[in-house]
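Sequence lines, in order, name chains A and B.
First residue of the first sequence: 238, per my numbering; consecutive thereafter.
First residue of the second sequence: 757, per my numbering; consecutive thereafter.
Rather than coming from a laboratory, the hints here were simulated on the basis of the structure.
Watch out, some of these pointers could steer you wrong.
Incomplete in silico selection of chain B near chain A, CB under 7 Å [to be verified]:
1) R788
2) D799
3) W803
4) T807
5) R813
6) R914
7) V931
8) A934
9) L935
10) G938
11) R1042
12) M1044
Coverage of chain A stretches by chain B, computed from C-beta distances (three or more under 8 Å per stretch; other residues unrestricted) [stated by the list, open to error]:
13) 341–349
14) 404–418
15) 490–499
Ideal Cβ placement from N, Cα and C applies to all residues, glycine included.
Read off the chains here:
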Amino acid sequence: MSPESVRDDLAAQGYIADVGLATAVFLARELGRPLMLEGDAGVGKTELAKAIAASTGGELIRLQCYEGIDASQAVYDWDYTRQLLHLRAAEATGAMEGRTTESVEAELYDERFLVRRAVLRAIDHHEGPPPVLLIDEVDRADDEFEAYLLEVLSDFQVTVPEIGVFRAQRPPVVVLTSNRTRDVHDALKRRCLYHWVEHPDLEREIEIVRRRVPEADIALSTEVAAAVAHLRAMELYKPPGVAETIDWTAALARLGVRHLDAASAEATLGTVLKYREDTERVVSHGIDDLVAAARSDAGR
Amino acid sequence: MSNATAIAVAFVDRLRSTGVDAPLSATIEYQRALGALGMGSRDAVYWAGRTTLVRRREDIAAYDTAFNTFWDDHSVAPYEPPSVAMSIAVDDGESPDDDDGGLDGHETDEAPSIELRFSAAEVLRHRDFASYSNDELAEARRLMGRLRVTGSPRRSLRLVNGHGSRPRMDLRRTVRAALSTGGEPLQRHWRHRGMRPRRLVLLLDVSGSMEPYARALVRFAHAAVIGRQRVEVFALGTRLTRMTRELSERDPDAAVARAARAVVDWSGGTRLGDGLREFNQRWGQRGMARGATVVILSDGWDRGDPTVLEEQMLRLRRLAHRVIWVNPLKVTPGYAPLARGMATALPHLDAFVEGHSIDAMERLAAEISR
Chain A
238 MSPESVRDDL AAQGYIADVG LATAVFLARE LGRPLMLEGD AGVGKTELAK AIAASTGGEL
298 IRLQCYEGID ASQAVYDWDY TRQLLHLRAA EATGAMEGRT TESVEAELYD ERFLVRRAVL
358 RAIDHHEGPP PVLLIDEVDR ADDEFEAYLL EVLSDFQVTV PEIGVFRAQR PPVVVLTSNR
418 TRDVHDALKR RCLYHWVEHP DLEREIEIVR RRVPEADIAL STEVAAAVAH LRAMELYKPP
478 GVAETIDWTA ALARLGVRHL DAASAEATLG TVLKYREDTE RVVSHGIDDL VAAARSDAGR
Chain B
757 MSNATAIAVA FVDRLRSTGV DAPLSATIEY QRALGALGMG SRDAVYWAGR TTLVRRREDI
817 AAYDTAFNTF WDDHSVAPYE PPSVAMSIAV DDGESPDDDD GGLDGHETDE APSIELRFSA
877 AEVLRHRDFA SYSNDELAEA RRLMGRLRVT GSPRRSLRLV NGHGSRPRMD LRRTVRAALS
937 TGGEPLQRHW RHRGMRPRRL VLLLDVSGSM EPYARALVRF AHAAVIGRQR VEVFALGTRL
997 TRMTRELSER DPDAAVARAA RAVVDWSGGT RLGDGLREFN QRWGQRGMAR GATVVILSDG
1057 WDRGDPTVLE EQMLRLRRLA HRVIWVNPLK VTPGYAPLAR GMATALPHLD AFVEGHSIDA
1117 MERLAAEISR
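With the rest of the complex left out, here is chain B (with noise of 0.2 Å):
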């Protein structure tokens, strides 16, 4: 090994311990552009490995640290991802089916389907959140990895094989079968446009008040994760922490303990004017939050300006197809949203719905593919 190529591999496994995922593969696309920029200056050193080992702008911060860490300050700590503690209960019933993922084209044939099968479910199914034992959380968190989210249809751009109310001819298959006919177009074959899910996008409110139910909604939030492509997670705290990567992965409490991690303001306060407009601005106005069913699992109680939450909530609803605002306040008797929060955005909403038990969340999934 030479020296850079050491230099380049010691320079990669710093920065791999602050968290940034750089396969091997980017490793030597590094050595290659440090030799093609060679080492004489900080700027060629720097951008080489800016521009080969980070793919992410969430990342950039981390190369920075690990760049100044290694290349000139040797005494500056080294980067620590911040860290917050969160017990996750254990869960071994894995569903048989989990791996049908949806990935097969056919997005149309995935009914929203829920299940639950073992009769013990009945008796957690109505139950608050709230007042489950720790036990009882890990088994409404195993039943709601059962649970199938899948967005309302909508009309796809993409052509499907098949003659729907408007099809267009689909010439491929029809010169094809001509071939076989003397060059006549006896037989001839149509596309129209299919059906596709709309994206989902999930906030999910992370403040102190929440606290009973957000980590029981988190576990939702993986399902819809799971079950789906076009789903979006977001945490709604003091600020706003995007969840959809580290809720991808498949095994659920890895998931969930790794979304725990990456949202360092748990249980805090809310502010949640600010976070639907940080929202706003640098997601769901380029494109994600629009045609999208936007989900807002909050209780409503909010320290923020009801002003500035007003005005996002309106401009939320222009951008997404529907807004819906799950609230597990909401079945407690004697409910009304007085929450200064909850009163400011309920004008703006196009559904209103509990959130507080299993067989709520059921509900839930059913409004959401509507």
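Chain A with its partners taken away, still in its complex shape (with noise of 0.2 Å):
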């Protein structure tokens, strides 16, 4: 393996990654280190995770964060009615007769009542290659649980005081988005490898779209990737990302347009930008002058 290697991989699921990322995402793999991934939204964080998991053959495991997820939703839980259900069982068939509180409670705590959940599934995983454990905005979740994150990455391993230790084999590959709504604990950070993501540049970028909407002309692809190019210096509010460009060339490629127009692209407009603000601001900047220059930048 090597980040050439990696950047071929990754290509072949669609996804065009620079030196600089394929070289992290190598290291990630090679040192057995999380991905920790800052950038833009729409730079495709999260599309990586994916794009490794399909070049590996790994499953891909999500984790979504969000404020108040503790280790009942990330790692494992238990499941509470079959676990009564059981109680009642033993109960009504006189099973609890003559036993003691802690032999029945052995019982309820048994793998068979054990839910698993995102983090210990990537890591109690023994069959094909290595999960990907995608931990998706992991700034939206409290301190207590980064505390928690920074325990599992630290050794791959999770304890369950009923049962014991569960150990990874081989390690997931992690990859953590954080859209830097607050900072991250460095400790956390110190646990992994960093990557700060840029917006592709235009080359990268048609590229990209022209694998991931092949049934449009190239003539599009290469014109509408110009536009959100001059779209993204424009001190919108919500500049284009990547994720944009597709969206908004594959509306183009499904209307039949051929070539980047006034019209076609004034009624598509809502593919590419998100804001009343941002519109009127093209608008009035004037969606002749976008298409001239797009398709003159295209032209080179």
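Fit the two chains together into the complex; they arrive one by one in their own frames, and the hints show the way.
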């Protein structure tokens, strides 16, 4: 394995990585370290995890973080309803007679009542290639949860007090993403490799669009990518990401457009701009100018 | 020590001298990365370090400089972090209850409490910061170190034990309890959604006209950062500088000094609209301002375009729970919010308060926790 082979493998899944990102993924796998990705919305952080999973053949296990998430939602929980039913059944059949509370308890906290959540599933994995654990938007979780993650990611093991220790035979590939709504704790970052994901350059973006929207004309893909590059330079509330470029191209292709033109661009602007103020700004700037500039860039 | 190790250690040393915080574990990781990638190409050596030694986007520029001077061109002058002179008065008063920190998970039991213990404080309480002598400023800073700023509470998604207004059954504890009653869930346990303080964002104007106040207010910001977890502080000048990390140091003087070093445009001009736009764009809209209490500490003198300020105030208001403007000049006799920036912003505020004295800062702390 080398950064180049990682890049080729990702490209085969339709994910075009630059040399920095490919190297970061290579190192994460080679050194067995989690990879922390930061970057603007829509630069393809989540997509990367999917592409890694597809290229290694590992299962993608996604953990979406939110405020208040805790171990029972992220790591494991007990199936309480079944436990209660089990207790009632034991009581009804007289199986509880003469037994100590401890022995009944041991029966309840058995693996068959264990509900495996994302983290435990990623660690307690035995067949096939190691899974890819995507911990998405970790900055949305609370600090307490971060501390817990730190423990899990340090030695890739989970302790369930009633059962014992689950240890990963082969550590999963872990990808964390953050939108920087707050600083993730240094201790957690220290466990991870770090990569800031940039918007792709024009050439790479055209390649991405062509892979993802193969039905679109080359000319259209090129012109849309060029137009998006112009939009990003316009100080919008929400500069379009790669995902928007793909959506826009797909929408135009579906409409049978072969070359970007002002009328169809304006009609489909909703796929690429997500704020009314942004749309107003672009329209007042002149869609004609935008299209003309994009077409002249694409012609080069 | 092998040759490669020596080179790795020397490079990390160089990197640290530019102000990037690279722990020992990162050096080890860097060496492993170099081992995995080999040192055959510039890209390999560059990305080995970028991935293992850099942990913040802000450090990328310093890394690039260190990399270039170390590996490529030894003639380039070493990276010097911008320095700004600022005098900091000595403060030896440490409040003994400084360590409670609010980390114990009971977010709600920290009622906003403000302590001012010395009666000597009374004299200073109502005085305008601008008329303080240096000694008095030091005293004021010390008093402000005792302020406790807590954001207004909001309902959290995190469940806590107990029977609230809309309880949900705590099955885990109910099952445990049922064990002792023969599997019959006689004793039921409940959880409900707890409360937690809203995030607080302070935007401190550090332009020239705010000079008499900014240094006292930065102390207020420090008290807020130390007092609770969900606080972010930015300096608004000709550009936006994030000060949260610098201010999170416990020692107030060291923290304020670090923050002052981080802000390169201290006492420069103000472009409030541009600063706010940068905040909205890079931080606010991504989530930092959502549902937060945003406090702008500024006299409202703005050299920028008022339409930009207006647009950004509107945008901020849509994101934030409350927008509070603190203007130290508000108390001045005959003051009317005529400064162009202030007049533009006024219609978009939830509260407009004074910020010239310790007394006013106490009222601000109360306003924030509303």
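Each hint tested on the structure:
1. A cut of 7 Å between beta carbons decides the hint on R788 (chain B): the least distance to chain A is about 6 Å, and the hint holds.
2. A distance limit of 7 Å between C-beta atoms decides the matter here; for D799 (chain B) the minimum to chain A is near 5 Å, and the interface restraint holds.
3. At its closest, the beta carbon of W803 (chain B) sits 4 Å from a beta carbon of chain A; the interface hint therefore holds under the 7 Å criterion.
4. The restraint placing T807 (chain B) at the interface with chain A holds, with a minimum CB-CB distance near 5 Å, inside the 7 Å limit.
5. Hint status for R813 (chain B) relative to chain A: holds, with the closest Cβ pair at about 5 Å, below 7 Å.
6. Satisfaction of the interface hint for R914 (chain B) is found here, the shortest Cβ-Cβ separation to chain A being roughly 4 Å, below the 7 Å cut-off.
7. For V931 (chain B), the interface hint holds, the least distance from its beta-carbon to any beta-carbon of chain A being 5 Å, beneath 7 Å.
8. At its closest, the beta carbon of A934 (chain B) sits 6 Å from a beta carbon of chain A; the interface hint therefore holds under the 7 Å criterion.
9. Hint on L935 (chain B) holds. Least Cβ distance to chain A is approximately 6 Å, under the 7 Å limit.
10. Given the 7 Å rule on beta carbons, the hint for G938 (chain B) holds: about 5 Å separates it from the nearest Cβ of chain A.
11. With its C-beta approaching chain A no nearer than about 5 Å, R1042 (chain B) sits inside the 7 Å limit, and its interface hint holds.
12. A distance limit of 7 Å between C-beta atoms decides the matter here; for M1044 (chain B) the minimum to chain A is near 5 Å, and the interface restraint holds.
13. With a threshold of 8 Å between beta carbons, the proposed coverage of the stretch 341–349 of chain A by chain B holds, since 3 of its residues qualify and at least three are required.
14. Evaluation of the coverage hint for the stretch 404–418 of chain A: fulfilled, as 3 residues show C-beta separations to chain B shorter than 8 Å, against a requirement of three.
15. Counting residues of the stretch 490–499 of chain A whose beta carbon lies closer than 8 Å to any beta carbon of chain B gives 0, which falls short of the minimum of three for the stated coverage.
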